[in-house]
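Colleague: Top to bottom, those sequences are chains E and L. All letters in the first sequence, in the order written, are residues 83 to 297 by the numbering used here. All letters in the second sequence, in the order written, are residues 22 to 123 by the numbering used here.
Derived by calculation from the structure, the hints in this document are not laboratory data. Do not rely on the hints blindly, as some may be mistaken.
The calculated lysine to any residue pairs, modelled on SDA-like cross-linking and capped at a C-alpha distance of 25 Å, are [claimed, not checked]:
| # | chain 1 | residue 1 | chain 2 | residue 2 |
| --- | --- | --- | --- | --- |
| 1 | E | K176 | L | K92 |
| 2 | E | K151 | L | V67 |
| 3 | E | K176 | L | Y93 |
| 4 | E | K151 | L | A59 |
| 5 | E | K200 | L | V54 |
| 6 | E | K200 | L | L74 |
| 7 | E | K151 | L | Q61 |
| 8 | E | K146 | L | A59 |
| 9 | E | K146 | E | H209 |
| 10 | E | K146 | E | H241 |
| 11 | E | K207 | E | F288 |
| 12 | E | K176 | L | L91 |
| 13 | E | K207 | E | G228 |
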Amino acid sequence: MSTTNNEKGIVPAHHFDSVAQEEDAGIQGIWLFLATEVLMFGGLFVAYAIFRGMYPEMFHHASKYLDTKLGALNTLVLIASSYSMASAVRSTQKGDTQKSFNLILITIACALIFMTVKYFEYTHKFHEGLFPGANFSHPGADKHLGLFFGLYFVMTGLHAIHITVGVGLMVWLLIRIKRGDFSPHYFIPVDAVGLYWHIVDIIWIFLFPLLYLIG
Amino acid sequence: MSASHSNHSDSSHHIVSASTNLTVFLSLVALTVITVGAAQIDFGGVWNIVIALAIACVKASIVLLWFMHLKYDSGVNRVIFGSAVFFVALFFGLTATDVFFR
Chain E
83 MSTTNNEKGI VPAHHFDSVA QEEDAGIQGI WLFLATEVLM FGGLFVAYAI
133 FRGMYPEMFH HASKYLDTKL GALNTLVLIA SSYSMASAVR STQKGDTQKS
183 FNLILITIAC ALIFMTVKYF EYTHKFHEGL FPGANFSHPG ADKHLGLFFG
233 LYFVMTGLHA IHITVGVGLM VWLLIRIKRG DFSPHYFIPV DAVGLYWHIV
283 DIIWIFLFPL LYLIG
Chain L
22 MSASHSNHSD SSHHIVSAST NLTVFLSLVA LTVITVGAAQ IDFGGVWNIV
72 IALAIACVKA SIVLLWFMHL KYDSGVNRVI FGSAVFFVAL FFGLTATDVF
122 FR
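Turn these sequences into a full structure, and let the hints guide you.
Modeller: So this is what it looks like as structure tokens:
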């Protein structure tokens, strides 16, 4: 990695001293954004913790309505997608854009599997009358059960929106890879989308035990 | 502050080796299996949630350090992320004290 930037004709944007500085600034901006993501989900996690502290038996009971196998499957699917994304960033850094293209395709496939599993989980809950609102009905269950499913749908729903946005971002990366935009000297967008994708995985790493594994 | 960067003319970004990425992936899969297994056992009291959260924290740290390159990154990014976690902890700590100990 001793070649200079100028040799490759790569020049930083005019307000940066060097390509390295431009990269650091871009990635630092992404970390600031990720901090706001942690704060946004953090509010929901605090709500979860407070209500669970108030109604521990209800949470224990409510968790039994969720399918641990499907939750575990989705956890593994997201971990696999994080692995393929990390490998895609690596391939881009090494200059193998075709491999990077294929790995991002695999990551998108994992995201779609995740959303399909989520679709079946959600529709099943709708049929059981577990979606909070006018049609929420579960005779004989704890009267605070709606609280758990309110948290469940908001937390996993916000997470699913992030997955969907991530798919859009990865399609954008595929188009830019085909256009030949990236090289070992310029890959900030791939790195940035990768970081975003990993934080979405980390959110799920906490959602899975908190929602599915307390029965 | 950025003295560690100046010795790279090209890029400050570390390329994580393929074997490291694979090891990270396999560790995350193993920890997922462990956390599902641990949930089937009743450890009594608050121990189940403590163990589940401890495993989740280890998994999150592994992702942050290697997949998200924080191990090789500038200290600033670690401070940014750490501050977000700190403020969530502060939010939880003060709210919990108010709700449960008032």
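Colleague: Now tell me if each hint is right for this structure.
Modeller: Do the hints match the structure? See the list:
no., hint, result
1, E:K176 with L:K92, "holds (19 Å)"
2, E:K151 with L:V67, "holds (23 Å)"
3, E:K176 with L:Y93, "holds (17 Å)"
4, E:K151 with L:A59, "holds (14 Å)"
5, E:K200 with L:V54, "holds (20 Å)"
6, E:K200 with L:L74, "holds (23 Å)"
7, E:K151 with L:Q61, "holds (12 Å)"
8, E:K146 with L:A59, "holds (16 Å)"
9, E:K146 with E:H209, "holds (16 Å)"
10, E:K146 with E:H241, "holds (21 Å)"
11, E:K207 with E:F288, "holds (21 Å)"
12, E:K176 with L:L91, "holds (19 Å)"
13, E:K207 with E:G228, "holds (12 Å)"
Violation of the numbered hints given earlier is absent; every hint is satisfied by the structure.
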